[in-house]
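Here's the letter readout for the chains.
6 protein chains.
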Amino acid sequence: MLEAQLDDMTGEGLGYTMERLLSAGALDVFYTPVYMKKNRPGTLVTVLASIESADRCEEILLVETTTLGVRRSHWSRKILERKFVFADTPYGKIKVKQAFMENRMLHQAPEYEDVARAAREHKVPFQEIFQSAMK
Amino acid sequence: MLEAQLDDMTGEGLGYTMERLLSAGALDVFYTPVYMKKNRPGTLVTVLASIESADRCEEILLVETTTLGVRRSHWSRKILERKFVFADTPYGKIKVKQAFMENRMLHQAPEYEDVARAAREHKVPFQEIFQSAMK
Amino acid sequence: MLEAQLDDMTGEGLGYTMERLLSAGALDVFYTPVYMKKNRPGTLVTVLASIESADRCEEILLVETTTLGVRRSHWSRKILERKFVFADTPYGKIKVKQAFMENRMLHQAPEYEDVARAAREHKVPFQEIFQSAMK
Amino acid sequence: MLEAQLDDMTGEGLGYTMERLLSAGALDVFYTPVYMKKNRPGTLVTVLASIESADRCEEILLVETTTLGVRRSHWSRKILERKFVFADTPYGKIKVKQAFMENRMLHQAPEYEDVARAAREHKVPFQEIFQSAMK
Amino acid sequence: MLEAQLDDMTGEGLGYTMERLLSAGALDVFYTPVYMKKNRPGTLVTVLASIESADRCEEILLVETTTLGVRRSHWSRKILERKFVFADTPYGKIKVKQAFMENRMLHQAPEYEDVARAAREHKVPFQEIFQSAMK
Amino acid sequence: MLEAQLDDMTGEGLGYTMERLLSAGALDVFYTPVYMKKNRPGTLVTVLASIESADRCEEILLVETTTLGVRRSHWSRKILERKFVFADTPYGKIKVKQAFMENRMLHQAPEYEDVARAAREHKVPFQEIFQSAMK
Ligand code: NI
Ligand code: NI
Ligand code: NI
Ligand code: NI
Ligand code: NI
Ligand code: NI
Ligand code: NI
Ligand code: NI
Ligand code: NI
Ligand code: NI
Ligand code: NI
Ligand code: NI
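Protein chains in written order, with the UniProt record's numbering: chain F, 1 to 135; chain H, 1 to 135; chain Y, 1 to 135; chain C, 1 to 135; chain A, 1 to 135; chain G, 1 to 135.
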C-alpha cells in the first residue's frame with residue numbers, strides 16, 4: 001500500500017493521476033478527503049499495488065503529483081476465489097462475478113460494464129438490469 | 001487492523017455489517033467516505049480487532065459485504081489504564097470513566113449511556129447532564 | 001430545511017441529537033463533515049421537516065446543540081406514491097416498498113427492518129435475504 | 001438546484017446516474033458523503049440545472065436512484081463571461097479558458113481535455129503541460 | 001448564503017481564500033468535500049454573509065478562486081441572544097459565552113481564544129481549562 | 001505513523017491539538033472524517049512523526065484528546081531531495097521549492113507563506129502571484 005497526502009493539487013490533476021495509476025497496474029486507487037493544517041482541504045491518495053507494480057506506481061505519484069515523499073507499508077491479504085458465469089436476461093447475456101471461499105459461494109454481482117451497456121442500449125434503468133441478472 | 005474498500009454496497013447493508021462486527025467482538029469499527037474510480041462514492045471499512053477476534057471479523061466482512069478481499073496489518077498500541085467512579089448529580093448517579101497513565105489522571109468523561117438515559121428520563125439537555133457529572 | 005454548522009460539539013452529543021430530532025417528527029436528518037476555520041473539523045446538521053414539525057426541530061437544535069442560530073429555507077418537493085406488498089421468501093414474509101409515478105412502478109426495495117430481523121434470526125447474510133425478497 | 005439523499009444505492013449505481021444526468025444537460029452534478037440514521041454512510045446528490053433541463057434531471061433521479069422524493073430550490077447566479085484563446089506550447093496548441101467581469105480578466109486556466117491529451121501523447125507530466133500553457 | 005463548487009483549486013489556495021472571506025466580514029465560511037465528475041475530489045465553498053457583506057464576499061470568490069459563477073440564496077435565521085460573563089479559574093479569568101432564548105439560558109461555553117491562551121501559558125491541557133471555566 | 005479515532009472531542013479541541021502536535025515536531029498531521037457507531041460523526045487523527053518525535057506526539061494525543069489508546073505502525077518512506085531557489089516577480093522575490101530525484105527536477109512550487117504575504121501586501125490575487133513565480 002502506497003500513501004501520500006496532498007494540499008497543493010487540484011481535483012483535475014488528481015483525476016488524471018488516478019487514470020495513470022490504474023493503467024500502470026494498480027489493483028485499486030482511492031482518494032480520501034482530509035483536513036490539513038492552515039485550513040486546507042487536502043486529499044490522501046491510497047494505492048493498492050502488487051510488489052511488481054509498486055515501484056511503477058510510486059514513480060507516477062512522485063512525477064504527477066506535488067508530493068515530496070511517498071509512504072509504503074505491507075499488508076497481508078485474504079482473497080476470495082472468483083468465477084464468472086453468464087445470466088440470460090431479457091436484455092441479453094450479462095456477465096456475473098461469483099466469489100467463493102472453499103467451494104462456498106459467498107456473494108455474486110453482475111459486472112458493472114455489462115449492466116451499464118445494456119441499460120444505455122435498452123434505455124432501461126441500471127437497477128432493473130442489475131436485478132434481472134441476479135435472478 | 002482489517003480494511004476493505006467497497007463501491008457496491010448500500011448504506012443500509014453497511015449499517016447492518018457494523019452491528020454484526022461489534023457483536024462479534026470488534027474493538028471498534030469505522031467507515032471512511034472515499035472517492036473511487038468511475039465517479040463512484042465508496043466506503044473504506046476499518047475494523048480494529050484483537051488477535052482472537054480478527055478471524056471472526058474477517059469472515060463477517062467476506063460474508064456480509066461484497067468485497068473480494070480483506071487486508072490485514074499489525075499496529076502496536078499504547079493503552080491507558082481506566083477506572084470507573086460514580087458522580088452524584090441532581091439527575092442521579094452517573095458513571096464516569098477516568099483514564100490514567102502511571103497514576104496520573106489524564107482525562108475523564110461521563111459514560112454516554114448513563115448521560116443519555118438520564119437526559120431522556122429527566123427531559124433535560126444531554127450537555128447539562130454531561131456537565132453536571134464532570135463537576 | 002433547517003441547517004446549523006457546529007465546531008464545538010462531540011460526536012456523542014450529535015448522535016443523541018439525531019435520535020431526538022427523529023422522534024420529534026423530522027422527515028430525515030443527516031450530518032455532513034465540513035472544514036471550518038482554525039483547522040477545525042466541524043459538522044453541518046441538516047434537518048428535513050414538514051411545516052408542522054419545523055419549529056419543534058428548531059428548538060431541539062437550539063437546546064441540544066451549541067449553536068447560536070439555526071437557518072431555515074423552503075424547498076419544494078416531488079414525492080412518489082408508495083405502496084407496500086409482501087414477498088414470500090424461504091425466510092418468511094418480507095415487506096417490500098414500491099414507489100410509483102402515475103401508476104408506473106419506478107423501483108422497489110425490501111424494508112430494512114424486516115430484512116435485518118430475518119438475517120439475524122436465520123443467521124443468513126443480509127444480502128441473501130434482500131435478494132430473495134426482490135425476486 | 002435538485003437534491004436527494006440516499007442510503008440504499010451503491011457507488012456503482014451512483015457513478016452511472018452521474019453520467020446520465022450530465023448527458024441530460026445538467027450544468028453540474030456532485031456527490032457529498034453524509035452520515036445518516038442507523039450508522040449508514042449515505043450520499044447527498046446535488047444537481048445544478050437550468051429551468052429547461054430541471055424536469056428531465058428530476059425524472060432521471062426518480063428512475064435511476066432509489067429515492068422516494070426530490071427537493072428543488074431556486075438560487076440566483078452571478079456568472080462570469082468566458083472567452084477562449086489558444087496557447088502555443090512545445091506540446092502543441094492548448095485551449096485556455098479566460099473568465100472576465102466587465103472586461104477585467106479575473107483568471108484563466110488551460111482546458112483539462114487538451115492538457116490531458118497532450119500529457120498522454122507526449123508522455124510528459126500533466127502539471128508541466130498545464131504550466132507551459134499558463135505562460 | 002453563497003456557494004461555489006471547485007475542482008481546479010489547491011488546498012493552499014482555499015486556505016488563503018477562507019482567510020480573506022473572514023476578514024471581509026463573512027459570518028462563517030466552511031468547506032465540504034464533494035465528489036465531482038471525472039474522478040475529481042472537489043470542494044464546495046459555503047459562505048454565510050449578511051446582506052451588507054454578500055457582494056464583497058462574492059467578489060472575493062470570483063477573484064481568488066477559479067470558479068466561473070457564484071450561487072446565492074436567502075435563508076431566514078433564528079438567532080439566540082448572547083451574553084458574556086467571566087469565570088474565575090485557577091488559570092485566570094476566562095470569558096464565557098452564554099446563549100439565551102427569552103431569558104432562558106440554553107447553553108454556555110468558554111471562549112476558544114481564552115482557553116487556548118491559558119492552556120499554552122500554564123502548560124495545562126485545553127480540556128482541563130475548558131472544564132474549570134464551566135464550573 | 002500514529003493514529004487514534006475520536007467521537008467525544010469538539011472541533012475546537014482538535015484545532016488546538018493540531019497546533020500542539022506541529023510545534024512538537026510532527027512531520028504532518030491530518031484529520032479524516034469517519035462514521036462511528038451510534039450515529040456519531042467522528043474524527044481519525046493521523047500523525048506522521050520521525051522516531052525521535054513519535055513519543056512526544058503520542059503523549060500529546062493522550063493528554064490533549066479523550067482517546068484511551070494510540071496506535072502506531074511503521075511505514076518506509078521515499079523522499080525526494082529538495083532545493084530552494086528565488087523567483088524574481090513584479091511583487092518581489094518569492095521562494096520556490098524544487099523537488100529532485102537523482103538530479104532530475106520533478107516539480108516545483110512557490111512557498112505558500114511568500115505567496116500569501118505578497119498577495120496581502122500588493123492586494124493581488126493569490127493565484128496571480130503563484131503563477132508569476134512559476135515562470
Ligand atoms: Ni505544501
Ligand atoms: Ni510485518
Ligand atoms: Ni466493483
Ligand atoms: Ni433520575
Ligand atoms: Ni465556536
Ligand atoms: Ni423465519
Ligand atoms: Ni431506506
Ligand atoms: Ni502534441
Ligand atoms: Ni474545470
Ligand atoms: Ni494565567
Ligand atoms: Ni466514547
Ligand atoms: Ni512587495
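Just so you know, not all the hints are guaranteed correct.
[What the hints assert, rightly or not] Listed below are the simulated DSBU-like cross-link pairs for lysine-lysine, each with C-alpha atoms no more than 35 Å apart in a straight line: (1) F:Lys123 with Y:Lys97; (2) G:Lys38 with H:Lys38; (3) F:Lys78 with F:Lys95.
[Claimed, not checked] Incomplete in silico selection of chain H near chain Y, CB under 10 Å: (4) Gly13; (5) Gly15; (6) Glu19; (7) Gly92; (8) Phe100; (9) Gln108; (10) Val115; (11) Ala119.
Think of the hints as simulated: they come from the structure by calculation, not from any bench.
Glycine is no exception: its CB is placed at the ideal position from the N, C-alpha and C atoms.
The hints, checked one at a time:
Taking the CA atoms of Lys123 (chain F) and Lys97 (chain Y), the gap is about 24 Å. The hint holds against a cut of 35 Å. At most 35 Å may separate the alpha-carbon atoms for a hinted pair to count; Lys38 (chain G) and Lys38 (chain H) meet this at roughly 31 Å. Under the criterion of a C-alpha separation no larger than 35 Å, the hint pairing Lys78 (chain F) with Lys95 (chain F) is consistent with the structure, at around 24 Å. With its C-beta approaching chain Y no nearer than about 6 Å, Gly13 (chain H) sits inside the 10 Å limit, and its interface hint holds.
The closest approach between the C-beta of Gly15 (chain H) and any C-beta of chain Y is roughly 8 Å, which is under the 10 Å cut-off, so the hint is satisfied. Hint status for Glu19 (chain H): holds, given a least beta-carbon distance of 8 Å to chain Y, under 10 Å. Among the interface hints, the one on Gly92 (chain H) is violated; its C-beta lies about 17 Å from the nearest C-beta in chain Y, farther than the 10 Å criterion. For Phe100 (chain H), the interface hint is violated, the least distance from its beta-carbon to any beta-carbon of chain Y being 21 Å, above 10 Å.
A distance limit of 10 Å between C-beta atoms decides the matter here; for Gln108 (chain H) the minimum to chain Y is near 14 Å, and the interface restraint is violated. Taking 10 Å as the C-beta cut-off, the interface hint given for Val115 (chain H) holds, the closest approach to chain Y being about 8 Å. Given hint, Ala119 (chain H) at the interface with chain Y, holds; its Cβ is 7 Å from that chain's nearest Cβ, closer than 10 Å.
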